[in-house]
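Visitor: Dock chain B with the ligands against the given chain A, drawing on the hints supplied.
Below, each chain spelled out in residue letters.
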Amino acid sequence: MAKWGMVIDLDKCTGCQACTTACAMENNTLPGESWQDVLFYHEGEYPTAQMKWLPRPCMQCESPSCVYVCPTRATYKDDEAGGIVFVDWNKCIGCKYCMIACPYGVRFYADEQPLVEPDIRDVYPGENGQMWSPPYQNPEQDWRRGIGIQPKGVVSKCTFCHHRVSKAPEGVADLDEDDPELVEYVPACVRTCAPKARYFGDLDNPESNVNRLIGDKHGVRLLDHTGNRPQVYYLGAGAGVPAFRPRNSRRGD
Amino acid sequence: MSDNNVMKGTAGTGLLLLSAIVLVVSFGFVMYNLTVYGHASFNVSSSLPWGQPISTYLYFALASSGLGLIAALPLVFGFKQYYGIAKRSIFLAFIILISGMAVLALELGHPFRMLWAIPLNMQIQSAMFWMGVFYAADLLFLLWKFQKMESGEWDSKATRTIGIASFLGVLLASGTLALIFGMMSMRPFWFDGSLPIYFYLTAITSGMAALVFFSYLAYGFDRSRMPERMQSAFTGGLPKLFAAVLGLTVLFVGVRAITGLYSNHPEVYHVWADYLFASPVYVLSVLFGLIVPFLLMLVPKLRVQSQIQVLVAILAFGGLFAERYFFVVGGQVVPLFKGTWAWDMIQYSPSAAEWGLTIMGSAMFFTLYVLGEKYFNLSAVPEQLAATETPGAPEKATA
Ligand code: SF4
Ligand code: SF4
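Protein chains in written order, with our numbering: chain A, 10 to 262; chain B, 1377 to 1775.
Chain A with its partners taken away, still in its complex shape (with noise of 0.2 Å):
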């Protein structure tokens, strides 16, 4: 079986934010509820400041300690699908220690106050068990991995796009938009992206172009030093992450 990776290359990332969206479409989250996201950061001051993005899906991580803090194992780890982190939402019983532990902050508790008014959940109101059913629904459907729309009490996260990749050709290297054969696999923000700064592919196969690009281009993973090994990778100047300041602390920038 594959193991899947994503590359992100940050000197070609615009910021513009077209996976978020078409991530947001194609799983039907809230607002808020970005399992992708493009997060920005300001770093340094005149005339060294510096104005930073990078986007931030699920890492899947190989060592994944969402995984190991979970107490129903409902968040598992699926080698089978490519080393996908999923969340089984049968059998989540939303104590979201899961959150606590995940340290790239991407798992969402969506029970919770609207991120904008009005409330779309109250807008298209649940059905069939789902926290919302909005008129549009992506037709994938699958608890067990946390596909689809949630219901209430549970933790979502990014599945990379498990019910899209799940069907290319068994042993494919790439999962490239560009190829027809394979574009209908291809994860949306992946397919999405205009400038072309990410890459997916099978980690496990040395041919794969994501690994050629690792090695060539000296992918990193991002807050390396915690453990989790990440199987995204980012390339390009910028790929670090800035310490966090809060505004006006006791011991400045």
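Since the hints were made in silico from the structure, they are not lab data.
Result set (DSS-like, lysine-lysine): computed pairs, CA atoms no more than 30 Å apart in a straight line:
#1 K1714(B) x K161(A)
#2 K12(A) x K1714(B)
#3 K1714(B) x K21(A)
#4 K1714(B) x K226(A)
#5 K86(A) x K1714(B)
#6 K161(A) x K176(A)
#7 K1714(B) x K205(A)
Guide: What follows is chain B with the ligands alone, placed relative to chain A:
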């Protein structure tokens, strides 16, 4: 002897009624909010998922563990002079744990699912799994031990074995509860292998506060009405132990604060400097909830006075409730990997529904407490000890 127990009379009935009403109203309020608004009625969010309901559970569960550890003094370690407080400690430990679990259940997304999903999936890598196992065992042992005491079987081999098992259960339960936080290396404010020790200390402190307050409450805050065994415990070694655990708690908070403020690590330093010490509530809670009680209990003349003991117990309730709250929230205020979407520390203060849960848990505890005082003799001691007591002449304390 137990005639002096005011909880058995009209005062108790009054308190029972009052707490039952508060319980029903707060439960109704929380349930209304959960049904109509779901967890959106809480102020927690995906950025700060654990709030006051979790810290309330922590407070209750640890107070229960503390009471269990105190009860082990006579029941496991043979300090016979403390027999007078053993049964009440066990009872309080049981009901406070039940109340904490009730609060936790209403915080979870799917409390009933937990009942099968945790045992059936055996995720032994999760500290939360072990906490569940050990607190369930703890609850069972407490019940069993109480039942043995009820039947007058204090010193049989079975009782002693249950006592030891229960003691170990308490240590493991509160220890793993500590490690739920202490093992989170991505949350450096919590990441600390010695957290179980800190939890044991603060557990005993809050357990002691509960024991003092509810023992005095049962006797109308008049120590002379207590049975001699209890009186001697409260004039003998217990206040010294209370002083010691308060002091160690202050020490532990102190070294954690110094380490945090010294550190350059932004996820530790900013929590101490810009969240905890920037909050007047936190500063006041350490000052009046931990340091002042410690100083009061340090003075030999003061620590034996019943008014001082009750005052210190009440102050320590507040101090430790705040300590738990700031510990839980403090570990999350620094946004993880949020970029400038999070401009500043994450803001959180409990909503009305979250306060409702805290009040509901407390009211449940009070209700069960009065019922316990009414229907059991919580001041009971083993028969052979009771027989040696001469009324009006409290035995000299030995510790
Ligand atoms: S990024 Fe977070 S949620 Fe995703 S696998 Fe890693 S630890 Fe789990
Ligand atoms: S919230 Fe659900 S997925 Fe997360 S740790 Fe708890 S049970 Fe597991």
